[in-house]
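K.L.:
Chain residues, written in single-letter form:
2 protein chains.
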Amino acid sequence: MKVIVIGATGAVGKAVAEELGQRHQVVPVGSRSGQYQVDITDIASVRALFAQVGKVDAVVVAAGALHFAPLADFTPEQFYVGLNSKLMGQVNVALVARDYLNDGGSITLTSGIVADEPIRNGASATMVNAAVEGFARAAAIELPRGLRINAVSPTVLEESMGSYGPFFVGFVPVPARRAALSYARSVDGAQTGQVYQAW
Amino acid sequence: MKVIVIGATGAVGKAVAEELGQRHQVVPVGSRSGQYQVDITDIASVRALFAQVGKVDAVVVAAGALHFAPLADFTPEQFYVGLNSKLMGQVNVALVARDYLNDGGSITLTSGIVADEPIRNGASATMVNAAVEGFARAAAIELPRGLRINAVSPTVLEESMGSYGPFFVGFVPVPARRAALSYARSVDGAQTGQVYQAW
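Here the protein sequences line up with chains A and B, keeping their order. The working numbering numbers the first residue of the first sequence as 1 and each following residue consecutively. The working numbering numbers the first residue of the second sequence as 1 and each following residue consecutively.
These are calculated hints, taken from the structure and not from any lab test. Source: prediction; values computed, not measured. It is possible that some hints are incorrect.
[Claimed, not checked] Between beta-carbon pairs, the in silico distance windows are: (1) B/R145 - A/D99: 43 to 53 Å; (2) B/A69 - A/A51: 23 to 33 Å; (3) B/Y36 - A/R47: 41 to 51 Å; (4) A/R145 - B/D103: 51 to 61 Å; (5) A/V169 - B/D103: 26 to 36 Å; (6) B/P166 - A/Q78: 34 to 44 Å.
From the three backbone atoms N, C-alpha and C, an ideal C-beta is built for every residue, glycine too.
All chains, please: the whole structure from these sequences, using the hints.
P.N.:
And the structure:
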C-alpha cells in the first residue's frame, strides 16, 4: 500500500511511519520540512499536497495544534486554535483524501485520551478530540467505494513526558511504537467508524 | 431558583421553560423575539444579556444551528456553521455564565442523539454534538464555587417529526415534555459533567 503520513516529523507520526514502513510505501509529510509539506488548516494546501502525491491507499493524520489553559482564562479565540487546526485540519484532509483514495482505502485521524478523561487546562482538548471521534464515527457511514475512516486516541507518550508530563500525572504513558500499532490496526484492518484507544 | 432559558421559543426550550416554570422563576431568551434576545455566536451579545439579567442560579441553552448535507457535498465553511453556532455559541454562554451564576449554580447545554448514533447528512451534527458533550465533561472539573455543567442529548421530538422525520426513520421520537425532564434533572439535580440522554 501507498500511505501518506501527515505529521510524520512528530513523535507519533515518526513511529507510525516506521511501523507502516515495514510493509508499505510511506509518503511522509511535514508542516515545515521534508519533500512534502502541508498546512492542514488550509484546504487549498491539502488539495495541493494530494495533487502532488496522487492516488494512495491510506491516509494517516497525526497533526494539529491545541491551546491549553485554565478554563477561567480561555477566550473563544483560543478555542478556535484547536477547532481550526486539530479538528478542521483533519476534516480538511478527510474531505480531500476521499477523492484520492483507491477503492477500499482508509483514513486514520488522531484524537487523544483526554476526549474521555479530562484534565486541568484541557477544555479545548477534550472538546476537539471528542469532535474528531464524532466526525470519524459519522463520516464512516457516508464514505463511498468501501473507503474506511477511524480515529486513534493515544494516551501521553513516554517520549513526550518531558513536556506533557505535568499535565498527565498518574496517567500510564505508552511508548510511541505502542501508539503506532493502533494506527497500523486501522490501516491494515477492515473496520470503520472505530476509535482505537492506544492506552 | 432564577433560571435563564436560552432558546425558549424553540420546541425543546419551550417545554423546558414550562417544566422549570412549575417551581422556578424562568427568564426566557429568544434569538429574535421576546423581552430578552441574544446572538450566542457573539460573546459580546451574551455578555450584554447577562449584564441585563444579572445573577442567576441556572442557565439552560437549547439553541444553535447546524448544517446538514451529504458528506460528499460538505465544505469546510458548512462545518463552521455548527462550530460557530451550536458549539461555540453554547461555549460562549458557559464562559460568560460562570461569572453570573450564584454558588452551586448550573449550566445545561444541548447535544443530540446523533452524537452517538450517526445519520446520513449528519457529519457536522455528530461532530458538534460530541464536542458539546466533551466540553461539558471537561469544564465540569474546572468550574469553581460548586458550579455544575451537564449536557442533555435529546433524540428527535414528536413535535419535530414533520421537519426532521425523514432524517430519523426508525428512531423512537419523544415528546418535548419528556426531553424537558432531562433538563430538569440537570438543573434540580446535583451531578456534574454528565450527559443525560433524553431517549
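K.L.:
Indicate, hint by hint, whether the structure satisfies it.
P.N.:
Hints, verified against the model:
no.: 1; hint: B/R145 - A/D99: 43 to 53 Å; result: 51 Å, holds
no.: 2; hint: B/A69 - A/A51: 23 to 33 Å; result: 24 Å, holds
no.: 3; hint: B/Y36 - A/R47: 41 to 51 Å; result: 45 Å, holds
no.: 4; hint: A/R145 - B/D103: 51 to 61 Å; result: 56 Å, holds
no.: 5; hint: A/V169 - B/D103: 26 to 36 Å; result: 29 Å, holds
no.: 6; hint: B/P166 - A/Q78: 34 to 44 Å; result: 39 Å, holds
Hint check: no violations occur; every hint is consistent with the structure.
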